[in-house]
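In terms of UniProt numbering, the sequence shown is residues 1 to 111.
Everything labelled a hint here was simulated from the structure, so no lab data went into it. We treat Cβ as the ideally placed atom computed from N, Cα and C, and that holds for glycine. Any given hint might turn out to be false.
Here are the simulated BS3-like pairs of lysine-lysine, each with C-alpha atoms no more than 25 angstroms apart in a straight line [what the hints assert, rightly or not]:
hint, residue 1, residue 2
1, Lys6, Lys39
2, Lys39, Lys71
3, Lys71, Lys99
4, Lys6, Lys42
5, Lys99, Lys15
6, Lys39, Lys15
7, Lys39, Lys78
8, Lys6, Lys78
9, Lys15, Lys82
10, Lys99, Lys42
11, Lys99, Lys78
12, Lys39, Lys99
13, Lys78, Lys42
14, Lys71, Lys42
15, Lys71, Lys15
16, Lys15, Lys78
17, Lys71, Lys82
18, Lys82, Lys39
19, Lys82, Lys99
20, Lys82, Lys6
21, Lys15, Lys42
22, Lys42, Lys82
23, Lys71, Lys6
24, Lys99, Lys6
The calculated label-pair distances, taken between Cβ atoms and stated as ranges, are [claimed, not checked]:
hint, residue 1, residue 2, range
25, Gly104, Asn31, 41 to 51 angstroms
26, Ile107, Asp53, 29 to 39 angstroms
27, Pro20, Asn76, 17 to 27 angstroms
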Amino acid sequence: MAMFSKLLTEADVVKSLLIPSCSVDVQEEGNLYMQALDKNGKTWSFTCSVHRDETAGAVLSVCWDEFVREKNVRANDKVVLKENSTAGGTIFMVDVQRKIRLFGEDIWADI
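Just need the whole structure built from these sequences, with the hints factored in.
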């Protein structure tokens, strides 16, 4: 089950991915690291910072430049984060999907 899903903006792709901190249960301001697995089983370590935004409240800013380059992530793609708790802690599953038109239907395909 997805705990967070977002249609990506140009700023999410060029600068950093912004996630409302309530979506990932982070309340304290500061820096942290997020471990994530992609569809191919590759482990990614994202540097994150939590800061307050006047309109959105607490926001988790995820630096994912290397992931964006390797996966060719673009604005209007969709990112889906799923939480996977194990005995060793929590690791996130990160999926990126792109809308394609197939047989006259719009579908979201993994990239």
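* To do: Go through the numbered hints given earlier and state which of them the structure violates, listing their numbers in rising order.
  => Result: no hint breaks.
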